[in-house]
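Fit chains W, A, X, H and Z to the supplied structure of chain P, relying on the hints for placement.
Chains as they are written, first to last, in our numbering: chain P, 650 to 873; chain W, 650 to 873; chain A, 650 to 873; chain X, 650 to 873; chain H, 650 to 873; chain Z, 650 to 873.
Please keep in mind that the hints were generated in silico from the structure rather than gathered at the bench.
As the structure is a prediction and not an experimental result, all values here were calculated from the model.
Where a beta carbon is used, it is the ideal one built from N, C-alpha and C, also for glycine.
Misleading hints may appear alongside valid ones.
Unchecked claim - In silico DMTMM-like pairs for lysine to aspartate or glutamate, Cα to Cα no more than 25 Å straight-line:
#: 1; chain 1: W; residue 1: 790; chain 2: P; residue 2: 745
#: 2; chain 1: A; residue 1: 790; chain 2: A; residue 2: 866
#: 3; chain 1: H; residue 1: 790; chain 2: X; residue 2: 844
Stated by the list, open to error - Label-pair distances were calculated between CB atoms; the ranges are:
#: 4; chain 1: P; residue 1: 775; chain 2: A; residue 2: 872; range: 47 to 55 Å
#: 5; chain 1: X; residue 1: 845; chain 2: H; residue 2: 844; range: 27 to 35 Å
#: 6; chain 1: A; residue 1: 840; chain 2: Z; residue 2: 697; range: 53 to 61 Å
#: 7; chain 1: W; residue 1: 837; chain 2: X; residue 2: 725; range: 38 to 46 Å
#: 8; chain 1: Z; residue 1: 856; chain 2: W; residue 2: 663; range: 46 to 54 Å
#: 9; chain 1: A; residue 1: 847; chain 2: H; residue 2: 844; range: 50 to 58 Å
So you can see what is in the structure, the chains are spelled out below.
6 protein chains.
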Amino acid sequence: MAGVVVRNIERAPLETIDALGRAGVATVHEAQGRTGLLASYMRPIYAGARIAGSAVTISAPPGDNWMVHVAIEQLQAGDIIVLAPTSPCEDGYFGDLLATSAIARGCRGLVIDAGVRDVRDLTQMGFPVWSKAVFAQGTVKATLGSVNVPIVCANALINPGDVIVADDDGVCVVERARADEVLEKAQAREAAEEDKRRRLAAGELGLDIYGMRPKLEAMGLKYV
Amino acid sequence: MAGVVVRNIERAPLETIDALGRAGVATVHEAQGRTGLLASYMRPIYAGARIAGSAVTISAPPGDNWMVHVAIEQLQAGDIIVLAPTSPCEDGYFGDLLATSAIARGCRGLVIDAGVRDVRDLTQMGFPVWSKAVFAQGTVKATLGSVNVPIVCANALINPGDVIVADDDGVCVVERARADEVLEKAQAREAAEEDKRRRLAAGELGLDIYGMRPKLEAMGLKYV
Amino acid sequence: MAGVVVRNIERAPLETIDALGRAGVATVHEAQGRTGLLASYMRPIYAGARIAGSAVTISAPPGDNWMVHVAIEQLQAGDIIVLAPTSPCEDGYFGDLLATSAIARGCRGLVIDAGVRDVRDLTQMGFPVWSKAVFAQGTVKATLGSVNVPIVCANALINPGDVIVADDDGVCVVERARADEVLEKAQAREAAEEDKRRRLAAGELGLDIYGMRPKLEAMGLKYV
Amino acid sequence: MAGVVVRNIERAPLETIDALGRAGVATVHEAQGRTGLLASYMRPIYAGARIAGSAVTISAPPGDNWMVHVAIEQLQAGDIIVLAPTSPCEDGYFGDLLATSAIARGCRGLVIDAGVRDVRDLTQMGFPVWSKAVFAQGTVKATLGSVNVPIVCANALINPGDVIVADDDGVCVVERARADEVLEKAQAREAAEEDKRRRLAAGELGLDIYGMRPKLEAMGLKYV
Amino acid sequence: MAGVVVRNIERAPLETIDALGRAGVATVHEAQGRTGLLASYMRPIYAGARIAGSAVTISAPPGDNWMVHVAIEQLQAGDIIVLAPTSPCEDGYFGDLLATSAIARGCRGLVIDAGVRDVRDLTQMGFPVWSKAVFAQGTVKATLGSVNVPIVCANALINPGDVIVADDDGVCVVERARADEVLEKAQAREAAEEDKRRRLAAGELGLDIYGMRPKLEAMGLKYV
Amino acid sequence: MAGVVVRNIERAPLETIDALGRAGVATVHEAQGRTGLLASYMRPIYAGARIAGSAVTISAPPGDNWMVHVAIEQLQAGDIIVLAPTSPCEDGYFGDLLATSAIARGCRGLVIDAGVRDVRDLTQMGFPVWSKAVFAQGTVKATLGSVNVPIVCANALINPGDVIVADDDGVCVVERARADEVLEKAQAREAAEEDKRRRLAAGELGLDIYGMRPKLEAMGLKYV
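Isolated chain P, as found in the complex (with noise of 0.2 Å):
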């Protein structure tokens, strides 16, 4: 099954890519149904980063990043590295020399389920990534993985080319397909809270808002 590189990937359009970016996590996970989500785990190696793209996928061997070089030769401007072992694993596939190819490439970041290093070099560069841990264990180049493959990343299901979303709160991937309807309802939801900001930063209450009180009541919740 190893040992394939898809160069032809369909990407969604870039302004659907920003704005879905804009709208950040949370929101567009909401926004497809609360569906999407990487595990808690992923976390980014600096606060403070947004960022979205086409997925380039990588289905890599434990302790090898030999892939990554191929991966590298297929990014477009506007994509996101998104690499996955075959099994468990926290090596540091990748660091600033790795970064260095890739933003000349118009790489956007990096998600991975597995370990980053030069975390320091990466965080000067402005090169953001999200991963399972910070390591510095160096990998080898010896055995064959796939690039732009479907894959499972830290239990979400990526196909090369679907939307990823990263920020703060952690990542999500869009499905390619779905990115536009995704983006009207996001875009939907985010115009719905602001009013409902506005009120709650007033004083008024949730409860009140959403008119939760009879439901509450009728569910038999007693205040005492």
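Chains W, A, X, H and Z in isolation, oriented as in the chain P frame:
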């Protein structure tokens, strides 16, 4: 057992609470006999926050944040929301809308043995949270829990109205009735530490300041 | 086996130590054949610190920090305290008072396979710590351990006087006797990387720079 | 706070305790409103044991089992020792000698949020243990803890004299004062389940037995 | 996205399924190119069970087992229930009553990325379960999920009708359409292993049987 | 550093080894001053096994079991294979074919800080394994490691030829040169325990046998 909201809880005086907050988690925990710490997995969403307040407690079903809305109505200025799910859960019970509402009622922060989301917004709003996870996973509003009942949160017993102290070291609970006594001990401890800090900074050794050498020798410590 | 303090340990030259620190954890680890890393759960209490120093080791009972006081007397300028509990423990063995004392003796930081507290103060003092946990839990002074004996810390063997390198990527140990040899290899590695970094930044691919294409083809990699 | 042994604790009647044991953990937990479970990491050292008894509680320092000896003197026939360390610890506080002593006093088992050792012997002796870890690590006898004080064990509050029910599903605590009421509900629940079990075994569906179809349809469940 | 039950799913032939079950998890996983394994935390509730069957999948909200009742109606003889919660959860979704119902419909077992309870009863009934946890924690019936939709379970993608193979080594999924091809490879692999097993038992070395010595020497392995 | 096989290692006498095995992990660990235990996550694949043997050590790359074949040639009757991966890994390095080969050379078992598979077969063959995980994940044979070099395995330092003792309590390592001394202490300990066991079984209390009462009183223990 679920389905109860206790409206009138007693709180410690704000002066006591604020002074406990200035003493900080490590000192308060020592002052009350090395008790009251929540588990070390409870981490702040941003560095540098130090708060103290009265616990408004929530016992919530997994993946259901309905009771947070109910609890917000019970908040007074100086309160901290403390949420424990009835079974382990990492879902994001709380985000920027709920924070907006809580801040409007004078809430000082959130301690949650589960997940939180919108952490970038919460950071910008200066609303501190100590949580088990950062996770965008949304929740439902379908099942009752309780507000202001005793809870076990991150392996510590917390009664409504207890004083919560939280900083970069974690979270500590002080029984309401013991708050003044603990504060007194904490302040005594701080005063005693000041002198030691000065002597240690000047190069004196703890071995000498604390008179440890004879006891170490008696226990059989050998220098080779 | 416990109850021993070794007073005279050999250390590597400070020039070597400092140069290893500048090379950083990832490079040093590669330079010595991908060995010497401590487990990835050893994380810094604040970002950006980079240190190197000679290990003064502590083997301490769980929840007992008596030996830290004993070890501080053994510190020289340029040393790093490295503590391993004799069984897994997260307690806060070390806080701002001990840091004050350690700094007075020229100590550069702490590596501890357990907990640390007062991290806000330690951050303000600029005293870096790599630890398994941040936990305010206090310790006792009741049982002997040892100072400057070989320890296994976070799954790595560390002898007193070994060189410790620590930065945002984690912690690496270099055997004292190999320090110069490892430094030489690390510097050669850095020099070689500089040229590659420039070429990668200019858009050349690792596939070409490292001549990987023929080998990948021979292994059967297929582009589709 | 440490250093106290409470000698006279109240216990529930043995008939109630034994009946709760026969009902088992899952049923008892449901009968008291889905409360009282200890964390799922508390696992039995061998399969098939089912016990119930009165809690004799121990709050013990990490890595120090002195208080177990103290607690054994307080045991009566039908008791279960419940130990929580004051900070997380996996050490083996308890082995075959202590079990021999506990059995001599009629003790029915051990629930320990830490480690246990000699599990082969304990299994042969038929002395059941639910623990966080199996770990041979020895402990010291240097610091005081307390016996028969309220403890939080594996995220559950346990008061001395509470009823502990433990089987292959884990461990549940029942407040002493509620023991009879919980037993009654547990037995009602068991009776009700018997009929359902028979109908389900005969091929009837829960969807029909519980009348779920209309509500599922109202909620919008679609069959395709 | 939730709220859908797919009624007619395709299944692989029972002969193929049964033969895959006899081959076992390790062999099947190798036969399909080292893919398809669920995470190693999925453990059987008792040793010795070996099953294979067609996946009837459930996507369930955390702490809500309503959809299990819905799924049971969709079971055919030879099926295995595979449940993934929509966010991480350890609750006991399944116990002896549901097992009674599932067995009545010919179900062969349960694979659940969450908790299970009544394990003593399930063991006596011979109903095998692979789960993330054993936990008595009860669930509610308040929110819709889906049945027979694609799910990611313990980091593996599972489509309804895929073949599940489970034994003491864990759980493996085989795409329905590839079942025959994988079986063929698995059987070829077993045949090849038989001869090797005999030779290894007779004292021949893998180094010789697999002709590894020249390659090891070429790689630079040194005997000292 | 990798790529070395040390052929001639010294071993302790088999009589010493066998006697240490009879003493068991808990006793041996105590006899050598509470040192030498591997981490508690190292669990046996089946209950009841008790072995001791000489360590033949393997340092293996993650996901690569080539060196196991190399190590098997170095086995003598009475040896135990001890494998540590160079970075954390759960893959199944070892299964029934390798066990067949190891048994043919008199190997007594495997201790592996990674995964094992075919555990049903290994159990039936009576080949005991202590591992971090049971995981069917296959490995490659592409990169060199080393055999019979010092390793850190599950946080313990193990030199080739050291004595490994393993039973239901876990795994302990005894330095080869100290084996006789440790055995002597272990046997003295066992003899002393026999008398205590008899007295405890007869109802005497540890408080009295060990004369603890005066010291507890001096420390301030209060009975209330």
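Going down the list of hints, with the structure as the test:
Of the pairs offered as hints, the one joining residue 790 of chain W and residue 745 of chain P is violated, with about 45 Å between alpha carbons and a cut-off of 25 Å exceeded. At roughly 63 Å between alpha-carbon atoms, residue 790 of chain A and residue 866 of chain A are farther apart than 25 Å, so this suggested pair is violated. Simply put, residue 790 of chain H and residue 844 of chain X have alpha-carbon atoms about 20 Å apart, close enough for the 25 Å limit, and the pair holds. A beta carbon spacing of about 31 Å between residue 775 of chain P and residue 872 of chain A contradicts the range 47 to 55 Å that was offered as a hint.
Remark: the range hint 27 to 35 Å for residue 845 of chain X to residue 844 of chain H is contradicted by a beta-carbon distance near 53 Å. For the hinted restraint 53 to 61 Å between residue 840 of chain A and residue 697 of chain Z, the CB-CB distance of approximately 58 Å keeps it satisfied. Taken as a hint, the range 38 to 46 Å holds for the pair residue 837 of chain W and residue 725 of chain X, whose Cβ atoms sit roughly 41 Å apart. A hinted range of 46 to 54 Å for the beta carbons of residue 856 of chain Z and residue 663 of chain W is consistent with their spacing of about 48 Å.
Checked against the hint of 50 to 58 Å, the C-beta distance between residue 847 of chain A and residue 844 of chain H comes to roughly 55 Å, which is consistent with it.
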